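Read off the chains here:
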Amino acid sequence: MMKRNKEQSSEEKRNKTAIQKNKDKKKISMIMVGIVASLFWFYPFFLIIINSFKTKSEIFQNTLTLPTGLNSENYTTAFEKLDFVKSAANSVLITVGSLVLIVFVSSMAAYALSRNTSKISSIIYFIIAIGLLVPFQGIMIPLISLFGKVSMLNQPGLMIMYLGLATSMSTFLYYGALRGIPKSLDEAAVIDGATTFHIYWKVILPLLKPTTVTVIVLNSLWFWNDYLLPSLSVNKEGMYTIPLKMFYFFGEFNKQWHLALAALVMVILPIIILFIVLQKHVVKGISDGAVK
Amino acid sequence: MLTNRSKSFWLLLAPALLALIVVLFIPLMTGSYYSLTDWNGNTVGHFVNFDNYIRAFQDQMFIDSLIFTAKFSIVSVILINVIALMLATLVTQKLGKWTTLFRTVFFMPNLIGGIILGFIWQFIFNKAFESIADLTNIEFFKGWLDTPETGFWGLVILFVWQMSGYMMLIYISFLNNIPEEILEAADMDGASPLQTFIKIKLPMLMPAFTVTLFLTLSNAFKIYDQNLALTQGGPYNSTQMTAMNIYNEAFSMRNMGFAQSKAIIFLVIIVIISIIQISITRKKEISA
Numbered sequence: 001m002m003k004r005n006k007e008q009s010s011e012e013k014r015n016k017t018a019i020q021k022n023k024d025k026k027k028i029s030m031i032m033v034g035i036v037a038s039l040f041w042f043y044p045f046f047l048i049i050i051n052s053f054k055t056k057s058e059i060f061q062n063t064l065t066l067p068t069g070l071n072s073e074n075y076t077t078a079f080e081k082l083d084f085v086k087s088a089a090n091s092v093l094i095t096v097g098s099l100v101l102i103v104f105v106s107s108m109a110a111y112a113l114s115r116n117t118s119k120i121s122s123i124i125y126f127i128i129a130i131g132l133l134v135p136f137q138g139i140m141i142p143l144i145s146l147f148g149k150v151s152m153l154n155q156p157g158l159m160i161m162y163l164g165l166a167t168s169m170s171t172f173l174y175y176g177a178l179r180g181i182p183k184s185l186d187e188a189a190v191i192d193g194a195t196t197f198h199i200y201w202k203v204i205l206p207l208l209k210p211t212t213v214t215v216i217v218l219n220s221l222w223f224w225n226d227y228l229l230p231s232l233s234v235n236k237e238g239m240y241t242i243p244l245k246m247f248y249f250f251g252e253f254n255k256q257w258h259l260a261l262a263a264l265v266m267v268i269l270p271i272i273i274l275f276i277v278l279q280k281h282v283v284k285g286i287s288d289g290a291v292k
Numbered sequence: 001m002l003t004n005r006s007k008s009f010w011l012l013l014a015p016a017l018l019a020l021i022v023v024l025f026i027p028l029m030t031g032s033y034y035s036l037t038d039w040n041g042n043t044v045g046h047f048v049n050f051d052n053y054i055r056a057f058q059d060q061m062f063i064d065s066l067i068f069t070a071k072f073s074i075v076s077v078i079l080i081n082v083i084a085l086m087l088a089t090l091v092t093q094k095l096g097k098w099t100t101l102f103r104t105v106f107f108m109p110n111l112i113g114g115i116i117l118g119f120i121w122q123f124i125f126n127k128a129f130e131s132i133a134d135l136t137n138i139e140f141f142k143g144w145l146d147t148p149e150t151g152f153w154g155l156v157i158l159f160v161w162q163m164s165g166y167m168m169l170i171y172i173s174f175l176n177n178i179p180e181e182i183l184e185a186a187d188m189d190g191a192s193p194l195q196t197f198i199k200i201k202l203p204m205l206m207p208a209f210t211v212t213l214f215l216t217l218s219n220a221f222k223i224y225d226q227n228l229a230l231t232q233g234g235p236y237n238s239t240q241m242t243a244m245n246i247y248n249e250a251f252s253m254r255n256m257g258f259a260q261s262k263a264i265i266f267l268v269i270i271v272i273i274s275i276i277q278i279s280i281t282r283k284k285e286i287s288a
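The listed protein sequences correspond, in order, to chains A and B.
Going by full-length UniProt numbering, the residue at position 40 of the first sequence is 40; the numbering climbs one at a time, nothing skipped.
Going by full-length UniProt numbering, the residue at position 66 of the second sequence is 66; the numbering climbs one at a time, nothing skipped.
The reader is advised that the hints may include incorrect statements.
Result set (DSS-like, lysine-lysine): computed pairs, CA atoms no more than 25 Å apart in a straight line [unchecked claim]: (1) Lys202(A) with Lys183(A); (2) Lys183(A) with Lys97(B); (3) Lys56(A) with Lys27(A); (4) Lys97(B) with Lys21(A); (5) Lys280(A) with Lys97(B); (6) Lys97(B) with Lys27(A); (7) Lys202(A) with Lys7(B); (8) Lys94(B) with Lys284(A); (9) Lys236(A) with Lys149(A).
Keep in mind the hints are simulated off the structure, nothing from the lab.
Being a predicted model, the structure only gives us computed values, none of them experimental.
Excised from the complex, chain B in its bound form (with noise of 0.2 Å):
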């Protein structure tokens, strides 16, 4: 009915297809080019070849900044979704009117954006962790967010207690779709709680590992609200991950060509890590 050749079509599709032309193909198109010059975000001076990409990998800053942003996303990819799990199974485990209650508050902190968060963990680290140093004289509270090391688990704190509660709601509904009768039958045999999770939740689990990976694992990667509310990259960028690299470089510095190499660069990493998490998980969806 809706035929390649009919008017109804290319009309229905028209709205979609142009919005992604205008905010997605022409910027990329666009950005790729001007990633081959000195563009100054006006106009653009000269063509510089791979200039601006050379410059980018002798970047110290930047690379650290990939570094952190690395080291940031497999930290926090990992608990985030253990927590998660832990929180998915609990709350499953048939608690009456309890269970709404564990997941409203499990799940609060995703209502609530980056820069909102960074500034109630500002907050807690600065002041209220004061408190408990000054009450306790235990050291392990003082001066959080003032060195590289507390900056970082700083921020690792904040996203875990943001998209654990997501990424839950996400394991209960593969969880509640596991038949009933199979856990029966687990128990019936005597396998124990940690056994049933183990040989029967965990692999009917996989298509969920598809989705909750990916998503926090590109989170992870593209945070910018909370980097900047929570620490603005300190002390001394040792803690700017790469979204806030390129936004410096582009909007404070206005070295918009080389900003964009940058941007390049950082895009062509995650489609990468996409694609092969992607395809790792959707192999074990299968085998299992």
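This is chain A alone, in the form it adopts within the complex (with noise of 0.2 Å):
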């Protein structure tokens, strides 16, 4: 009985060698695959930036090969054309002003509807919800109108557009935050004495921080990366975007791929390393967004 016992107990083992072989065997391959894969959507990014590295005949001779040098100077002259420190000062000011009207305004639509019962707040939720439907060209013309006629196709202007577009999508994934947060926590709060906004600032705003990350990551996306808002209602000598500066630039250069090339590299890589570094927390935001 005994021996059976061990018989089957080495057999076990054996096939569990087996599998675990089978297993590193496909995860192997597995990461093949991955790695094939990640080299071939990297390829795009990889040719970028070894031909802003050449001069503009060597990228008319072949671009498939490796810069000789280093020469910098591609770098330099973009960087001056492209005026980059404005540029993204301005890209850095639409964006980070835009997002804070957004987290606040929203979060506060948000906590009123999800703290009110009554039909009248159905209403405003269905109200808020067209938001989601109606696609930005629907109304472009009239509101680029509407904002000329009272002179707001200025940076503050743009921040209010991209508050009215956006708060739709962020009031929605406030209150199914809030859903998710008991209202007896505001109500000891109230018996303790405390107003309504004192309790949005201190209770609830900092309940809904992981909120917060995914509102800020989705819109932040958007409005550093818009072209087409920004090109119709900043569209003047010092308030350029990037992205605006950038067409500028390149119907300026269009033959000359060297510069156009140093420039696309400029402007993309701060953004690739700020995402490597708060990679976790875009991830997450995604993710989050998706899921409510």
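Using the hints, put the two standalone chains together into the complex.
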């Protein structure tokens, strides 16, 4: 009996190591597939980077070879022509300004809606939902005309437009999170004599932090990269954002790929580095945004 | 506590409602009115009833742009979601540190705006492909973006490359929510990976499809920046999408009222598609 047991267990062991080996093999082949796919995915970036160090004639000869040296001349020229510091500052201003507005405005609205179960509250919820369905192009022309009439085709105007366009989505995200925060919590604070705004500021907003990360991640990818709306509202010297400036830069240096590529790398690199640093938050933000 | 009569309720809501009214509802209303007039951006001369709409449906360039946009959206939505699902399945295979690396690389194009992506791919299609053609003498790599077909596929490749990583992240979060025990039980019962995928993972991914299909469809339909930077609608407007057609009608030709009627047609199409898509996937979600 004992012997048979032993035999059985040794056979099991053999089986297990076989399974393990099989699994390792599978894992290695999966990693290989992943590496090949990643290389494929990264290759466009790689080509842009290597060619950004070449001279005009080198690019003309062959775009697939490595550069002969690391000349930084393209970069210094592109940096100046792009007016990089000014354009980046404008982009930061628009992105951060709009984000601040959206975080407060939509969390406040969601708080009000989640703590009121009347019919009016659900009607307002429905009205806000309409904003999710309307494509920007549907209102683009009258919106720009309206803001032009009141002389708001400027940076504050652009922030207000982003606020209106992004409120619906952000309010919904906050609303979803607020349903998970028990009302007894704010009721206890009311008994302690706190005002509504005090509760919002001291109790609710801190609890909503994970959702705020989602709202910031989703919207900053949009605001930072948008071209269409800024091209219609802040298309003026001194207000150019990076995508706008990049567009004009390309028009001007159409045939000079060495400068254009250096400019591309210059505007891409900071964002990729920022992403790698904040990766955890970005990934979590996007996943949470989709699940809710 | 926050009753309809309480001041705080309305004060908390006021900024959001105000922003929505100014940015969304006023333009929706004025836009609907303008679409029935010969508005030139400044003044309204005449009320023209539905003439603009009739003209829009007779405008061959507008119709072509709608067909092109629809084709582009269908092809890219399918490709993006198939590729994103494959990438998500790959990344969720417990590959240790490789997981993060793969995820980062696949997501990277999403960090970059449509204008910049368009210029990157212009370089790839025009310059890098040219070098490959010189090197290999393969006809396939010559003259990309010079014909309507290659322009179409150029836009599809760009958009798939951009969006797949984003959708991958969404699929990953849903795949990670599938209880480990279920997958182990299937493994014990001798289910092949393909069987597990079709019988277990796919039904549990139904809620994910509601989100990913909505996002990919609406983003594909509304695309403008990439279109502008990669092909500018050329050659001969053959790759002009609806968003660009509306933009040009309004801001190049200055036919604002006419352009707005196209914008409203576009809006109605998108709203109908979104509602159909959401109700279909929601139904599947419940039955699964």
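Outcome of the hint check:
1. Lys202(A) with Lys183(A): holds, 15 Å
2. Lys183(A) with Lys97(B): violated, 41 Å
3. Lys56(A) with Lys27(A): It is violated: about 45 Å lies between the C-alpha atoms, which goes past 25 Å.
4. Lys97(B) with Lys21(A): holds, 20 Å
5. Lys280(A) with Lys97(B): Within the cut-off at roughly 14 Å; holds.
6. Lys97(B) with Lys27(A): OK: Lys97(B) and Lys27(A) at ~12 Å, within 25 Å.
7. Lys202(A) with Lys7(B): holds, 19 Å
8. Lys94(B) with Lys284(A): The hint holds at about 18 Å.
9. Lys236(A) with Lys149(A): Holds, because 17 Å separates the two Cα atoms, which is no more than 25 Å.
Hint violations for this structure: numbers 2, 3, all remaining hints satisfied.
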